[in-house]
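K.L.:
One-letter residues, chain by chain:
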Amino acid sequence: MAGSLLLLIVLFLLQESWPAFQHVGLSSYFNDSDWYPTEDLYLLTPMLWGTVWATLGSVLLAAPLGILSALFIQYYAPPLLAIIYRRLIELLAGIPSVVFGLWGLVVLVPLIARWHPPGPSLLAGILILFLMILPTITLVAQTSFAQIPVSFLHSATALGLSRWSIIRKVVFPTAKAGIITGIFLGVARALGETMAILMVCGNIVQTPSHLFDPIRTLTANIALEMAYALGNHRSTLFVSGLLLMAMVVLFVMMAESLRHRNLDAATKY
Amino acid sequence: MRLIYCGYAGMNQIFRFFSFNSHHYSPETIEKSDSYQHNLVTITHLRQPPNLLFSKTMKPHSVAQPSSSLINTSTTATWLNFFFFIIIVFSQTPALANKGKLVITGSSTMAPLVSEIGKRFETVHPGTRIDVQTGGSSRGIADAVNGMADIGMVSRALKPQEDALHGATIAHDGITMILHQDNPVHKLTNEQIKAMYSGAITNWKTVGGMNAPITVVNKAAGRSTLELFLQYFSLSTRQIHAHVIIGDNEQGIKTVAGNPHAIGYVSIGTARYDATHGVPIRLLPLHDIPATLETVQDGTFPLSRPLTLVTRQQPTGLAQSFIEFSRSPAVHDLIFKQYFVPLP
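Respectively, the protein sequence lines represent chains A and B. Quick note on my numbering: the first sequence kicks off at 5 and runs consecutively. Quick note on my numbering: the second sequence kicks off at 4 and runs consecutively.
In case anyone wonders, no lab produced these hints; they're calculated from the structure. Given the structure is predicted, the values throughout are model-derived calculations rather than measurements. Take the hints with a grain of salt, since some may be wrong.
As the list claims (entries may be wrong) - If we take Cβ atoms under 8 Å as the criterion, some of the chain B residues that face chain A in the derived model are: (1) THR126; (2) THR218; (3) ALA245.
Just so you know, even glycine gets a beta-carbon here, dropped at the ideal spot from N, CA and C.
Please model the entire structure based on the sequences and the hints provided.
P.N.:
Next comes the structure, spelled out in structure tokens:
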């Protein structure tokens, strides 16, 4: 059911973007001088870079912190604190993205503006995305830690290993696939995020040269211009949708295959 | 097929329900729209199927009791009912067609507004149909001249050579420059604004403000606000060096309200509303003319344009009553909703 729905969506995207493939051509998306759809210039690379940098930045922040949070919940925190902490992270996962965006727009962006104008920037986008994908990475990592057979930990303790050694030598190798799954799911969410990014990133079409440059992501571009786009412009927006869809599907599939491998590894012993 | 057993009365209730659902009638309207005929008419104007996902949860309070169970039928049953009365409706359309239809084409700025007005007009005048198509102000003029449309929508003042057409302004669209309240600058000349947007002036110091870089807030491509702004300051999209690009008015206001060094422009309707409700923004006068609803209404505010309905001849009949309806206070709420300024 869900599969056929996905197929229908992909077919729809293909159908809508077909005119752009015919009349604009793939090479224009990478070779045109700029993004001025009203003048038939359709350069997508700055927005592609915007999406890539925002996603990469947020994952680089969220992955270590998420893994550390998961370790804290699983191995270091007293039980009560662990439960409260986990609930808080779950709550964070449930906040709608538009609320993150609003918070970013009225709190985070003015703060950055005071530090280094103009404020709406790649940095703001990275920080907002970081908050949004941190729970995903934490929760998935913690679940995979919890799946490690207790016998592993008991044996390691019996050998006299310290807690950190156990984590480094036993927990990480066993739960590796689970951790990477969480990261991939986080990446997929960061790639597809639109509303919050639209509100805090400034939406200037340019390849960012540093953290304080405003950027526009592919998703924000679709949301900003779809309502007014006609003809090839509209089709091009569907092409960028197709591109995003392909990236997200790829990451989710990688995450899925790794998750299964993780389960296999955990049950093998 | 439960519908058949419920008979005429039940059917009437469904019609009411769906017309409620699709046109967002107020309960009063539904109470008044008692005739079977009327309910049929509204159904024929559905541009899309009613939102069936919500049909289970929405409870039209004014619907009478007997068939209230119908509203809570399963989605499948609702679909069946829907198709069933669609068939009935189409078998009856020829009888309704002669009641009148208006084709309105033109400005994409005006289309959403006129379309909303049209929907309301249809409910007040059962049996009429208002068909709104976009294509730009030029198409509105052309279609009105050659008779392709009954009414053209033009979102600019009429040019001298278009004087032969009969135009009726239904609302005004005005744009104001906004700054943060803490910004000491109270006045900017057109040249200064133009220089800021084209990147020639980059620091507030140059225009007598703080020593801080200017954050230029611009609108996303395709928005009519951007179009009017560019035209007024005779700028092109490529000349503009913006730091932030925004989508809707609210986002622009929040961006400026959060940055004391930002300059932006939004529809006057929204900016006035927010400024009077505690949002820390200031509306700048243009050419010493304050940005208020009044100056937009009387046409003295320079960065504004009339939204006009044009006809080839003095409008009569349905066209006349539609234009009169569009100019009446009955549609002021719709005009405000689109951030335009209604007639005084």
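K.L.:
Does the nearest C-beta of chain A fall within a distance shorter than 8 Å of the C-beta of THR126 (chain B)?
P.N.:
Nearest chain A Cβ about 26 Å off; hint violated.
K.L.:
Under the criterion of a CB-CB separation shorter than 8 Å, is THR218 (chain B) in contact with chain A as hinted?
P.N.:
It holds, given that the least Cβ distance between THR218 (chain B) and chain A is near 4 Å, below 8 Å.
K.L.:
Does the nearest C-beta of chain A fall within a distance shorter than 8 Å of the C-beta of ALA245 (chain B)?
P.N.:
holds (6 Å)
In this structure, the one hint that does not hold is number 1.
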